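Using the sequences plus the hints, can you model the full thing?
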Amino acid sequence: MLVLSRQRDETVMIGDDIEITIVDVRGEKVRLGIRAPKDVAVHRKEVYDAIRRENQSAAKLHPTDLAGAPAKPAPAPRPPLRLVKDGEPDPLLHAALEEAQISLAEGGLPIGAVLVRDGKIIARGHDRRIQNGDPMAHAEIDCLTKAGPQSTYRDTTLYSTLMPCYLCSGAAVQFGIPRIVVGESVNFHGALDFLHQHAVEVIDLHDAECIRLMSQFIKAHPALWNEQVGR
1 MLVLSRQRDE TVMIGDDIEI TIVDVRGEKV RLGIRAPKDV AVHRKEVYDA IRRENQSAAK
61 LHPTDLAGAP AKPAPAPRPP LRLVKDGEPD PLLHAALEEA QISLAEGGLP IGAVLVRDGK
121 IIARGHDRRI QNGDPMAHAE IDCLTKAGPQ STYRDTTLYS TLMPCYLCSG AAVQFGIPRI
181 VVGESVNFHG ALDFLHQHAV EVIDLHDAEC IRLMSQFIKA HPALWNEQVG R
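If you read the sequence shown in this note's numbering, its first letter stands for residue 1, the second for the next number, and so on.
Among the clues, some could well be false.
Unchecked claim - Computed beta-carbon distance windows for the label pairs: (1) MET13 with LYS146: 39 to 49 angstroms; (2) LYS29 with TYR166: 16 to 26 angstroms; (3) LEU32 with LEU224: 16 to 26 angstroms; (4) VAL25 with GLY170: 44 to 54 angstroms; (5) GLN174 with GLN216: 11 to 21 angstroms; (6) ASP16 with GLN197: 26 to 36 angstroms; (7) THR152 with LEU32: 23 to 33 angstroms; (8) THR152 with MET13: 38 to 48 angstroms; (9) GLN101 with PRO222: 13 to 23 angstroms; (10) MET13 with ASP134: 35 to 45 angstroms; (11) GLY148 with VAL25: 37 to 47 angstroms; (12) PRO178 with SER5: 40 to 50 angstroms.
Bear in mind the hints are in silico, worked out from the structure with no lab data behind them. If you're wondering where the values come from, they're calculated on a predicted model, not measured in any experiment. Ideal Cβ placement from N, Cα and C applies to all residues, glycine included.
See below:
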């Protein structure tokens, strides 16, 4: 068994494609970032165990066990979390990153967001919690506020440099936004499970610049970051 020594940025490789890095250490808590190919499923242990139990239960069924059972509609497939390896920069994510850098220059948290329809940006926003002294002024909320009322959000995609929290994820679910593209979830896991439960497709680009920008801010301002995320 290979054991990590709880040093930030320490990394181990599993084979040639799976990379595990310590991104944060706080007392007894250690936050890990995992990078894996798209064809490798990565689950929390409790989720993996639940899937395994379901598979084992299904394997014990005999065709005669289902005779006479009423037909049930197939459940909607759970949207996958897709980890895309670093490659060509996404111009829409780059626009959100520009917003994050504006917030940083203003003395705020480096988080930015854009709302997109048909490949075109219809609104931009960035985190203003510190600048405005407003705990509700998250980047995604700022972006949606600037977008103004829309006849529908079901043809839009929300881009954010960081995995949205429950507040922003709730707004996306409330408005019926079907897809969220995030720059990273290494520094903040956010409300991914909540989004999946509400059939929102989440695409994690695992962008190196988004990870670096947020990680540097957290290292430089740990108390401020903990305050903003309620720790």
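Verification of the hints:
The hinted window of 39 to 49 angstroms between MET13 and LYS146 holds, with their beta carbons roughly 42 angstroms apart. Here the CB-CB span from LYS29 to TYR166 is close to 19 angstroms, well matched to the stated 16 to 26 angstroms. The given range of 16 to 26 angstroms is respected by LEU32 and LEU224, whose C-beta atoms sit roughly 23 angstroms from each other. As the Cβ distance of VAL25 to GLY170 is approximately 30 angstroms, the hint placing it in 44 to 54 angstroms is violated.
Between GLN174 and GLN216 the Cβ separation comes to about 33 angstroms, which falls outside the hinted range of 11 to 21 angstroms. In this structure the supplied range 26 to 36 angstroms holds for ASP16 paired with GLN197, their Cβ-Cβ distance being about 34 angstroms. Range check, THR152 to LEU32: Cβ separation about 39 angstroms, and the 23 to 33 angstroms hint is violated. Evaluation of the 38 to 48 angstroms hint for THR152 and MET13 yields a pass: the beta carbon distance comes to about 45 angstroms.
A C-beta distance of roughly 20 angstroms is found between GLN101 and PRO222, which places it inside the suggested range of 13 to 23 angstroms. About 43 angstroms separates the C-beta atoms of MET13 and ASP134, a value consistent with the hinted range of 35 to 45 angstroms. Remark: the range hint 37 to 47 angstroms for GLY148 to VAL25 is upheld by a beta-carbon distance near 43 angstroms. Against the hinted window of 40 to 50 angstroms, the Cβ-Cβ separation of PRO178 and SER5 comes to about 43 angstroms, which satisfies the hint.
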